[in-house]
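Peer 1: Next come the chains, spelled out residue by residue.
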Amino acid sequence: MTSTVALTVARYRPEKESEPTWETYEIPFRKDWVVLDALNHVKDRLDGSLSFRWSCRMGVCGSCGMKVNGTPKLTCATFLSDYLPGPIRVEPLDYFPVVRDLVVDITDFVRKLKQVKPWIIRKEEKALDEGEYLQTPDQLDAYKQFSMCINCMLCYSACPIYGLEPGFIGPAAIALAQRYNMDSRDQGAAERLEILSEPDGIWQCTFVGECTKVCPKHVDPAGAIQQYKLSAATHWVKSLLLPWGTR
Amino acid sequence: MSAGPHYTPYHPRWYRRHVSVWWWLQNRSYTRFVLRELTSVFVAFFAVVYLWQLRALAQGPEAYGQFLARLKTPFFLALDAVAFLFVLFHAITWFNLTPKAMVVRLRGKRVPDWVVVGSNYAAWLVVSGAVAFILLRG
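Those protein sequences? They're chains A and B, same order as listed.
Residue numbers for the first sequence follow our numbering, so the first one is 1 and each next one is one higher.
Residue numbers for the second sequence follow our numbering, so the first one is 1 and each next one is one higher.
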């Protein structure tokens, strides 16, 4: 049984390096350790200067996304034992600017997320005393999958289109737009379509499909985007044939 | 910048990685994706051959005979074989992706992916069968 495993971590210390370098740490191998545990071991025992982002340790907060052996992963859900005998290579997510070591700047994603208005839009709010907006289990089912997104941005790191066209709104934001479009309580689909049918919206996606593969929550952003394309195209044909019918 | 990185806590110096021209060789699914995109060239190739055929047909039996003779040269046979493989790859990969774009609901329940894919293949078979029937009948 292996007693230690090599963890090769990308380091970037902007005060003294102009490019990231690699540093290798020997860490004890434990069957129940995930990559995040190993990083915390490094931080606590070997090198306190290592910087990375994490919070919940249980695949809910979406903070600890990094590339493990080249694939975007939630490090809290990636077991060391799946990468034996090592070395295990940990890098920051692709296509986001690196702030330090494994920490990336996520401003771009947050801005795009806000752009697609991921909240329930009503033409007219019901008065409070009229009660809740009711929904059947089937109606919930229509969007539930897309609502599982935890904004971990693994899909952005897996998307070569986002790398090549940084303006692309991107998989998670579009999946979340679709989450609200499919919600029976929402009436904002037209507003969102205006943003998403722009050149940087859904039509940038060429359906590489990697976003869906790396998604730890099985949201299937690639599916969301293609479904969105289909409904946008149908909407366009309808508005062409029946200009008075789509308003 | 030649003179070392300038860094202050308030103006972090970000590192931005550039996407290599060879990004699509980084992993197998990217390569498959680029190959799938490339298949469109071969689909277009078949369309051009078809237009060429129509033109030859309009020019009369002699021109059409020439067209057929040219298609039988080893160069065109090889090109056709390669193009056919790519078109097959095109059809199969896109058929397999249809359930992602098409969510069919029957009685409130989502039709399983394999049914959507399967009905595409079934339609393909039926159409191919019909074409084969028309061609081989006489």
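Where hints are given, some of them may not hold.
Cross-link-like lysine-lysine pairs, in silico, BS3-like; alpha carbons within 30 Å at most [as the list claims (entries may be wrong)]:
(1) K117/A with K238/A
(2) K213/A with K100/B
(3) K117/A with K217/A
(4) K229/A with K31/A
(5) K109/B with K144/A
(6) K72/B with K229/A
(7) K238/A with K100/B
(8) K229/A with K100/B
(9) K213/A with K238/A
(10) K100/B with K114/A
(11) K100/B with K117/A
(12) K31/A with K217/A
(13) K217/A with K109/B
(14) K117/A with K109/B
(15) K31/A with K114/A
(16) K238/A with K109/B
FRET-style restraints, in silico, Cβ to Cβ [what the hints assert, rightly or not]:
(17) S81/A with H18/B: 16 to 26 Å
(18) Q139/A with P112/B: 18 to 28 Å
(19) E194/A with A69/B: 27 to 37 Å
(20) K31/A with L35/B: 18 to 28 Å
(21) A122/B with D47/A: 15 to 25 Å
(22) S239/A with M102/B: 43 to 53 Å
(23) D141/A with V126/B: 31 to 41 Å
(24) A130/B with P97/A: 29 to 39 Å
It is worth saying that the hints were derived from the structure and are not from the lab.
Bear in mind that the values here come from a model prediction, so they are computed numbers and not experimental data.
Ideal Cβ placement from N, Cα and C applies to all residues, glycine included.
Peer 1: All the hints need checking, so say for each whether the structure fits it.
Peer 2: How the hints compare with the structure:
This hinted pair checks out: K117/A and K238/A have alpha carbons roughly 24 Å apart, not beyond 30 Å. About 13 Å separates the Cα atoms of K213/A and K100/B, which keeps this hinted pair within 30 Å; it holds. Between K117/A and K217/A the alpha-carbon distance is near 21 Å, which keeps this suggested pair within the 30 Å criterion. A threshold of 30 Å between alpha carbons decides the hint, and for K229/A with K31/A the separation of about 44 Å lies outside it, so the pair is violated.
A C-alpha spacing of about 14 Å is found between K109/B and K144/A, which places the hinted pair at or below 30 Å, so the restraint holds. For the given pair, K72/B sits about 42 Å from K229/A by alpha-carbon distance, which is inconsistent with the 30 Å threshold. Annotation: proposed proximity of K238/A to K100/B holds, straight-line Cα distance about 22 Å (limit 30 Å). For the proposed pair K229/A and K100/B, the alpha carbon gap of about 11 Å is at most 30 Å, so the pair holds.
About 33 Å separates the Cα atoms of K213/A and K238/A, which puts this hinted pair outside 30 Å; it is violated. Between K100/B and K114/A, the direct Cα distance comes to roughly 25 Å. Compliance with the 30 Å bound is thereby established for this hinted pair. This hinted pair checks out: K100/B and K117/A have alpha carbons roughly 24 Å apart, not beyond 30 Å. A distance of roughly 23 Å separates the Cα atoms of K31/A and K217/A; the hinted pair therefore holds under the 30 Å criterion.
Taken as a hint, the K217/A and K109/B pair is honoured in the structure, with Cα atoms around 21 Å apart against an allowance of 30 Å. Taking the CA atoms of K117/A and K109/B, the gap is about 28 Å. The hint holds against a cut of 30 Å. A threshold of 30 Å between alpha carbons decides the hint, and for K31/A with K114/A the separation of about 40 Å lies outside it, so the pair is violated. Distance restraint check for K238/A and K109/B: the Cα-Cα separation of roughly 26 Å lies within the 30 Å cut-off, and the hinted pair is therefore satisfied.
Distance hint check: the CB atoms of S81/A and H18/B are about 34 Å apart, inconsistent with the given range 16 to 26 Å. The given range of 18 to 28 Å is respected by Q139/A and P112/B, whose C-beta atoms sit roughly 20 Å from each other. Restraint check, E194/A to A69/B: a C-beta distance of roughly 56 Å breaks the suggested window 27 to 37 Å. Take K31/A and L35/B: their Cβ atoms lie about 39 Å apart, and the range 18 to 28 Å is violated.
Range check, A122/B to D47/A: Cβ separation about 60 Å, and the 15 to 25 Å hint is violated. Between S239/A and M102/B the Cβ separation comes to about 21 Å, which falls outside the hinted range of 43 to 53 Å. Restraint check, D141/A to V126/B: a C-beta distance of roughly 33 Å satisfies the suggested window 31 to 41 Å. Range check, A130/B to P97/A: Cβ separation about 56 Å, and the 29 to 39 Å hint is violated.
Hints 4, 6, 9, 15, 17, 19, 20, 21, 22 and 24 from the earlier list are contradicted by this structure; the remaining hints agree with it.
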